[in-house]
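Let's have the full structure, built from the sequences with the hints guiding it.
Next come the chains, spelled out residue by residue.
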Amino acid sequence: MASTPRIVVVGGGSTGAGVARDLAMRGADVTLVEQGNLTHGTTGRMHGLLHSGGRYAVSDQKSARECIEENRVLRDIASHCVEMTGGMFVKRPEDSESYFEEKLQGCTDCDIPAEVISGERAREREPHLATDVDKAISVPDGAVDPFRLVVANAASAQEHGARIETHSKVTDLLVESGEIVGVEVEHGAKSGERVHGVQSGRETIRADHVVNATGAWAGRIGDMADLDVAVRPSKGVMTIMNVRQVDTVINRCRPKGDADIIVPHETTAILGTTDEEVEDPEDYPEEQWEVDQMIETLSELVPMLADARSIRSFWGVRPLYEPPEVGSEDPTDITRDYFLLDHEERDGLPGMTTIVGGKFTTYRMMGEEIADHVVAKFGMDADCRTADVPLPGSEEFSVLRDYMDEFGLRSPIGRRSVERLGSRAEEVLGTGEPNPVLCNCEGVTRAEVQDAISQAGADLNGTRIRTRASMGNCQGGFCIHRLAGELHPEFDEATVRDSWDDLLQERWKGQRHALWGNQLQQAMINYALHATTQNRDHDPATHPVDFAAFDSGPGSDRRLGSDTVGEAADGD
Amino acid sequence: MAIDSEVLVVGGGLAGVTSAIAAARAGADVRLVSYKQSSLRQASGLIDVLGYVGDEVVVDPYDAIPELHEDHPYRLVGVETVRDAMALFDETVDGYHGDHTETNALLPTHGGTVKPTARYPAGAAEGVASDDRDTLLVGFERLVDFDAPLAASHVEAAGAPFSADGVTITFPGDLQADAKVTRYAKLLDQNSPVAVDGRKVDTRSALAQRVASHLDGHERVGFPAVLGDDHTDAVRATLAEELGVAVFEVPMGPPSLPGLRLEDRLFDALDRSGARYEVGNPVVDYEGEDRIERVVVERNGSRVPYSADQYVLATGGLVSKGVESDREGVREPIFDCHVPHPGDRYDWFEDGVFDDHAFARFGVDVGSDLRPRGASGSVEFENLRAAGATIGGYDFAAEKSGSGVSIATGYAAGRAATEDLT
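Taken in sequence, the protein lines are chains A and B. Position 441, counted from 1, in the first sequence is what my numbering calls 441; the numbers after and before it change by one each time, with no gaps. Position 97, counted from 1, in the second sequence is what my numbering calls 97; the numbers after and before it change by one each time, with no gaps.
Simulated from the structure, these hints should not be mistaken for laboratory data. No residue lacks a Cβ here, since even glycine has one placed at the ideal position from N, Cα and C. Among the clues, some could well be false.
[To be verified] Listed next, with one range per pair, are the computed distances between beta-carbon atoms: (1) A/Glu94 with B/Arg299: 42 to 48 Å; (2) A/Glu296 with B/Ala2: 39 to 45 Å; (3) B/Val379 with A/Thr297: 56 to 62 Å; (4) A/Tyr284 with B/Glu56: 33 to 39 Å; (5) A/Pro255 with B/Glu56: 57 to 63 Å.
[What the hints assert, rightly or not] Reference excerpt, derived from the structure (chain A facing chain B, CB under 8 Å, subset only): (6) Phe100; (7) Gly414; (8) Arg415; (9) Val437; (10) Leu438; (11) Pro489; (12) Ala494; (13) Val496; (14) Trp516; (15) Met524; (16) Tyr527; (17) Thr532; (18) Asn535; (19) Asp537; (20) Ala541; (21) Phe550.
Here it is, written out as C-alpha cells:
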C-alpha cells in the first residue's frame with residue numbers, strides 16, 4: 001500500500017499509549033482517543049509493581065517469562081519511571097514449604113534471578129518485617145510510575161506525529177460495506193479548555209484500521225459493531241499508606257490469595273489486592289471489608305501496618321480475558337496472558353483488532369505484537385524500535401547527575417524533581433524564574449506544574465498524574481488552590497474554578513476509604529480550610545449573596561443602596 | 001501535693017481562653033493548661049458567629065440562631081448568652097471590628113471569594129466587600145497561597161459591588177523562593193533598607209513603590225495577610241500613607257498571621273484577667289468516679305496531679321485531637337467521654353466533598369448545662385463541662401460558626417463552673 005495507513009487507537013492506558021508510540025515510530029498516521037485523561041482506566045489504578053515475573057512463576061510461566069524480559073527492557077527505556085527496589089517472596093511459618101520450593105524452581109525455570117535468604121537477612125533488608133518470617137526469595141521486582149510511563153509514551157507518539165485526544169469518547173464504530181472504517185467521537189464538553197486536543201463537539205475519524213485497546217471497556221467498543229468481546233472485569237482494591245513501611249516489594253509466598261503484596265511507591269506504600277469479578281467496569285461496590293482486609297492480612301507480614309496511617313484507597317478493574325471455551329469460575333484462575341483478536345479472522349468483520357488481557361509490565365510487548373499485526377496488514381516494512389529507543393525523560397540518563405550539580409539541586413526537593421523529570425529536567429526546571437514549591441507533601445515546584453499544564457491544559461487531574469502534586473499526606477488540602485492559581489490567567493476564572501472543584505472531588509473520593517485516625521483529622525483540617533476559610537462549599541460565585549444587606553464597615557457611610565444588590569455573574 | 005485551683009481549664013484555644021477569662025472575671029481562681037499550639041494558627045483570624053443555616057446565607061446571626069436545631073450549642077446556651085459572650089470578646093480582645101452592628105460582614109479571603117463573618121481584625125476592615133470602592137489585589141510572585149489576579153476575577157464572579165483587579169509583583173529584597181509568611185512579616189516589621197536600583201529604600205516604601213504604578217485609580221489595595229506581625233498597624237499605615245489609598249489584608253490559610261495575632265491577643269487578655277496558664281504539657285489522665293478529683297499532666301516524663309473543684313474540657317475537635325478515632329470508633333481521649341457516632345465507619349462521611357458529613361459533627365454530647373453525657377444520657381462527671389469544638393452536634397465549617405460557638409460555650413462553661421464552686 002502506497003499511502004500511510006491511518007490508525008485510530010482507542011484507549012489511553014498503557015496498552016493504547018504503547019501501541020500508539022510503536023505505530024507512530026514505524027511511520028503510521030496515528031490518532032489516539034481516550035474517554036478520560038491518560039491512564040483514566042485501569043492503568044491509573046494499579047499498584048505500581050514492575051513485575052519480575054515471580055508472582056506468575058508457578059501458575060503461569062509464559063507470563064512470568066514475558067515479565068522478566070520486559071522488566072529488563074523498561075529499566076532501560078523508562079529509567080525515569082522505574083525504581084528498582086528489589087522484591088521478596090516471604091514465607092511465614094504457616095505458609096507451605098513445598099510451595100516455597102515450587103516458587104524458587106519456577107523462577108529458575110523462567111530465568112528470573114532468585115535467591116533464598118534467611119529470615120534474619122530479610123529483616124536486615126526490611127526491619128519492619130514480622131519477626132516470625134522464616135525466609136524469603138529475593139527477586140528483581142521494582143516500582144514503576146504508571147502515570148509518568150503513559151505520559152512519556154504519549155509524548156513520544158506525539159513527537160512522531162501522532163494526534164492525542166483525551167476526554168474524547170468513542171460513541172460508535174463506523175461500519176461501511178462490511179468493514180470498520182473509523183470511529184465517532186464525542187469530545188469533552190466541559191467549560192473552557194479542559195481537554196487535550198479538540199474541545200467539545202462530535203467528530204468522525206476515518207481510519208484504515210482501528211485498534212481497540214480499551215481494556216475492561218473492550219466489550220463496550222465491540223458491542224458497537226455487534227462483536228462479542230467477553231472481557232471479564234475483575235476489581236481489586238489498593239490501599240495507600242502515607243509512608244514507605246518497606247523499601248522493597250514484599251510478596252507473600254503462597255498460592256493465589258487476596259492481600260498479599262506491598263509495593264513501595266514514591267513516598268507511599270501500596271497494599272494490594274483483591275480479585276473479584278464485576279459486571280460493570282465503571283460501577284461496582286467499593287467496600288470497607290476490602291480495605292480492612294488489606295490492613296489486617298498484610299500486617300501479618302509487616303505488623304506496624306495495623307496502626308499505620310492510610311491516606312486513601314482506590315480500586316482498579318483488571319481487563320481479564322479468556323477464550324470463552326475455558327470457562328473459569330473464579331477470576332483468580334483466569335490467565336493474566338493477553339489475546340489479540342483480529343475481528344476479520346474471528347468475526348469476518350475487517351478493520352479492527354482488539355487487545356485484551358495482559359498486564360501493565362508487558363504493555364510494550366503487547367504494543368509491539370499489535371503493531372506487527374497492523375503493519376503486516378498494510379505491507380509496511382518497518383521494525384519495532386520501542387525496546388531500544390528510550391522514552392522522553394529517560395534519554396542520556398547518565399547526564400542526570402550533571403543536571404543536579406548544575407542547578408544546585410541537592411535539596412530533597414530538587415532531587416525528587418529531577419527523579420520525576422529524568423532527562424527533561426533541564427528543559428523544565430531551567431526557566432530562570434523563581435521556583436517555589438506548590439505541593440509540600442510531594443515536593444512539586446511551580447516549574448513542574450507549569451510544564452504539566454502545558455501538556456494537560458486546564459485539567460488539574462492531568463497535572464496531578466504528571467507531577468504527583470496533591471497525592472501526599474494532605475491529599476491536596478494545602479495545595480489545590482495553589483494549583484488552581486497556576487491555571488490563571490491562561491484559563492479564565494470560571495474554567496479554573498470548575499477544574500479546582502473537580503480535583504477537590506477526585507481527591508475526596510479516595511480519602512473516603514481512609515477516614516479514621518490521622519487521616520480523619522487531616523480530612524477535617526482540609527474541610528475546615530476549604531469550607532471555613534475559603535468558603536468553597538458556599539462559593540458566592542455559585543451561591544449568590546446580597547452584598548447590600550451586609551455590614552459595610554465600622555463608621556462607614558458607604559452602605560450600599562438597594563440598587564447595587566450584587567448578583568453572581570455566572571451562577572450555575 | 002497536687003497543683004490546685006478552683007477552676008481548671010484544659011485547652012488553650014479560643015474556647016479554653018474565653019472560658020478561663022469568663023471564670024476569672026466571675027471571681028474564680030483559674031488555671032489553664034494547654035498542650036500544643038492551638039488550631040488558631042490554621043484559622044483565618046476572622047471571628048465567625050453564624051454564616052449559613054443550611055444553604056441559606058445568614059445576615060444577622062442572632063436572628064438566625066432560633067432556626068438551628070434545638071441541640072445546637074447556640075440553642076443550648078441561648079441567644080442572650082451568645083450576645084453576652086461576644087460582648088466579653090469585644091471588651092477583652094483588642095484589635096477587632098464588627099461590634100458596631102449585629103449584621104455579618106462579607107470579607108474576601110485568599111480563596112478568592114467572600115465569606116460572612118461577625119468580627120474581623122482591624123487589618124482586614126478596609127476590605128469589607130459591601131463597599132463599592134474599586135479594589136486592587138496585590139500578590140507576591142513567590143507567595144503561592146494568594147493568586148491576586150485570580151482572586152480579583154473570582155470576587156467579581158461572586159457579584160461584588162466593586163471592580164477588582166489583581167497584580168502579581170516581586171516582593172522587595174532578597175527572599176528565597178519558599179520564604180514563610182512570617183519572613184515577609186518580619187521584613188515589614190523591621191522595615192530594613194533594601195537595594196532598589198542601586199539605592200537603599202526602606203522595605204515598606206520599596207513595596208509601596210512597586211504597587212504604586214499599578215494603582216490606576218483603585219481606591220483600596222489588598223495584600224496577602226503578611227503585613228507585619230508585631231507592628232502590623234504601623235506597616236499598614238505606612239503603606240496607606242505612601243500609596244494614598246486604604247490598605248487591607250486578605251486572610252489566608254495556615255500558617256495564618258491573623259490567627260497567630262489573635263492568639264497573642266487572647267493570651268494578653270488572659271494575662272489581664274488574672275488567670276494562670278501553662279503551655280506545653282498534655283493532660284493524659286484523670287482520677288475520680290462521678291466527680292473528677294484531679295487530672296494528671298505529663299511534664300518532662302513525670303506525672304503531675306492538678307486538682308480543681310471544677311473542670312472545663314476545651315481540647316478542640318478532630319483537628320486538635322480533642323476527639324480521636326481509629327477504625328473501630330471515635331472517642332474523647334482524656335476523660336473517655338461518650339462521642340456519638342455511627343457504628344459503621346462508612347456512615348461517617350458522604351460521597352461529595354462538601355456534603356453533610358457526620359464526622360464534621362463529631363464531639364461530646366452535652367445538655368444545656370454543657371456537661372458531657374454518656375450514651376444513656378446521664379451526666380459523665382458532675383464537675384466537668386465542655387466548650388468549643390470538643391462539643392459535637394454542629395458543623396462549624398459549613399455554618400461558619402466555629403469561633404462563635406467557642407466563645408459562647410467557653411463563656412457559658414467558665415461562668416457555670418464558677419457558679420458551681422463549692
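| So which of those numbered hints doesn't the model satisfy? | 3, 6, 7, 8
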